[in-house]
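Here is how the chains run, residue by residue.
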Amino acid sequence: MEFDKRLVLIFLIFILGISILVFTKKEEDVVVVYVAHDQDYSEPILQEFENITGIKVKAMYDTEATKTVGLVNRLIAEKNNPQADVFWNNEVMRSVLLKKNDVLQSYCSPNSNDIPSIQKDKDCYWTGFAARARVILYNTEKISEQESPKSLYDFINSRWKGKACISNPLIGSGSGLTAALFASLGDKEAKELFLKMKENDIHVLESPSMVRDQVLAGECWFGSTDTDDAYDALAAKKPVKMIFPDQGENQIGDFIIPNSVMMISKAPHQENAKKLIDFILSAHVEEELAQSALQMPLKASSKAPENVPKIEKIKSMNVSYEEIYNKLNVSNQFIQETFLT
Amino acid sequence: MKENHFKILTIFIVFLLVFLPFINLFMYVFFLNFQLSNIEDLWNFVAFSLDKRLVNIFLRTIVIGSLTATFSIILGFALAYLLEFVNIKHPNIWRAVLFTPFLIPAYFFVFSWLGFLGKRGTFTSITFQNIQIDVYNPAFLIFFLTLSFFPIAMFIISLGLKNINMNLIDAGRLSKSKKVLKKIILPLIKPHLIASFFIVFSLTVSDYTTSSFLRINTYQGEIFDQLAVFYNTKMATIYSIPLLLFSFGVSFCFYYYLKGKRFVTISGMSRKKVIFVKLKNYEKVLVYTFFLSLLLFSLGIPILMLFIESEFQFSTALLATKNELISSLVIGGVSSLLITILGFFIFHFFKENNLLNLIIIFPLTIPATVIGISLIDLYSTTPIYGNVVLLIICYITRFLPFSILILSPFLTQLSQNLEESAKLSTGNFLKIFWKILLPLSKGGFVLSFIIVFILCLTEISITQMLAPAGFQTLAMRIDTLMHYANYSFVASLSLILLILIIFLYSIYIIVYGEIL
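Sequence lines, in order, name chains A and B. Its first residue numbered 1, the first sequence is counted upward by one per residue in our numbering. Its first residue numbered 1001, the second sequence is counted upward by one per residue in our numbering.
Looking at chain A on its own, in the form it has when it is part of the complex (with noise of 0.2 Å):
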């Protein structure tokens, strides 16, 4: 084939051109948010944000796994030189790291007067909405009602051994979870507790999704995971159900993990931040999210759809996210060290 010279040309001007079109359009009216919330729910907000207020949003989202990479790592690198103006986390406890790190700037909003105090930072660096809670989620053509799990301590009996599964207890909800035991039963307790989960056979799974995926398979009889995930399998009607552990009158409570909204120090663009941290915690958000993620919502003025629960019905751990914070590191390296061998 002859080596056309013009083609080349014609292929390099093509591409280099394409590139700068597309990559370097300024666009003054913007506002850059960092997203740990599931892409599929969180993107029709933002696009609904757009469509409102014309201002264009410019997300990043990130996965399960590596979100606390991709962005609670890149918030901290970025701090010489910020880049996003608001981080819509999916937890809590890298908030208050990011508040201790001086990422974020204090931001009051209006929309979030109806919040639960202990759902929000005293100092408004971040503020919480819309809530997952950690479930057992059980095969019930694997196990009757009578003798479902009710218990985190259920992972622990013989009876269950090598039937159960949890998420990563290193990575995203699941790490939360292990530093919320720590905090609400002390360090020695805890560490038992995952011991005997270990001599148990309990299987780690990568995200609370492959814990219910499993589940449905009856590859696992029961798992921990998160509300969002246990309620798609349950609107599929699949042969599982879902019950809020350790409810008992003696016993530690439900972890609950609320998304968080905060702005980052030196945004670029704050008064767009500030427009769009009020959208966010806005009741009609939460409202959003209990449709779509069948998440619960925190404010007082938010409706939510039947099947949700009502957040003040479940007894949660008794426990700040700050104390739980306080336990992420100690919590994380026992698991290190006790898992990943």
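Because the hints were derived from the structure by calculation, they are not lab data. It is possible that part of the hints are untrue.
[Said to hold, decoys possible] Pairs of lysine to aspartate or glutamate, EDC-like flavour, derived with a Cα cap of 20 Å:
| hint | chain 1 | residue 1 | chain 2 | residue 2 |
| --- | --- | --- | --- | --- |
| 1 | A | Lys198 | B | Asp1134 |
| 2 | A | Lys303 | A | Asp278 |
| 3 | A | Lys313 | A | Asp114 |
| 4 | B | Lys1234 | A | Asp102 |
| 5 | A | Lys266 | B | Asp1377 |
| 6 | A | Lys79 | A | Asp102 |
| 7 | B | Lys1322 | A | Glu43 |
| 8 | B | Lys1234 | A | Glu78 |
[What the hints assert, rightly or not] Just the calculated beta-carbon pair ranges, DEER-fashion:
| hint | chain 1 | residue 1 | chain 2 | residue 2 | range |
| --- | --- | --- | --- | --- | --- |
| 9 | B | Met1027 | A | Asp29 | 36 to 46 Å |
| 10 | B | Phe1019 | A | Asp114 | 53 to 63 Å |
| 11 | A | Asn80 | B | Asn1323 | 49 to 59 Å |
Yeah, the Cβ is synthetic: ideal placement off N, Cα and C, and Gly gets one too.
Go by the hints and put chain B onto chain A.
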């Protein structure tokens, strides 16, 4: 522009893109603000390194890397030998098809093989329900990585075999034909065997995604956990030091071992293919069975499983990700073009220099996430941060070695006389490049562009760290969907990506007929 100016520019770019990120790693960890600051952390790491758990993980990683490299070399050598010296039909087509698995990311193998061998897998359903194959172990990790990396060993060893002087083989055959392999061929291609070993080893120890899918904790996982779990970027970098030292060690061993020789050298590409092993028909059948079995494992089953898992949601998946697809094509196109041009100049200027081996080996041994951290640290306060330009720089750092390797056989066959004659008529190197060098090596140029383009299309780990807000590649989207357990979309998109890869590669094969 004179040749010397180009040479200086190339050296500057190589320093900036290949070596500076690694120098920065050391500065970042130990000499923050140009003051020795972090010896204590290093000492803690040394003390911690004696921890039995970490030593076990490190040794496990080395064993996995060594075994993957060994198996890849055995397969690669067998294939290269059969394709080069044996009387089989259509060796170029076989060579091209057998190279294809390298273009498919290793995590695709795992995803599709889990669908086949997993507890609910196709294998179980078509055999006995109670047969359950546990794929979550190091043996399967080695198996999957070997399926992914043997083609690169085949490629490098083929360079060696093509380079052997046939007179030596003929002489050997006249005396003791049975010892030709042991006494002549293997000693002559030793640099290529060693190079294959270290390149496959490096690719294996820097792979994180595949081992994490199979729930096998490797040293890469430990580095990743320092970032993902403890947010300790300095410790993650310190954890990378053993790999950096290894990288230095390997590079310098190469430097001394290959003094006067180069594993990328090939002078005999234009020589006629010489067949000196003539197989009988039944032996040929065995060889074809071997090829087909390898293709079944490395291409057939993965593609079949992706079809089954896809539930044929191709149009829905494609519509939902068209922006990501366009972004991937544009960033991949620009990056691979720049990488190929740079690879061309590097090889041209350093082909007589052992520095070339260093440039090839060095970037392969550093984990992608660590390169990502270094680049963030290096560029976070510059205007290119938060821009796709940084992503292009990172792709250049990561994939430059592959471009040089691919270009090497094409560039070494260029006649020195032609270039010298051109220099007599013009001092403008750009003109010589455009009118003489580029047209003569067009096949290599296009092949390098296509393969690097494919590597850019499928890269995830570092793209995830450096992609600007509002920018997502198709591979990132597939990874996200995989974690959401949306398997039908993952399989559909993976197949679309695979079809694109095979389409591009096929165009090259059709136009140029061979890969070497």
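Which of the numbered hints above does this structure break? 11
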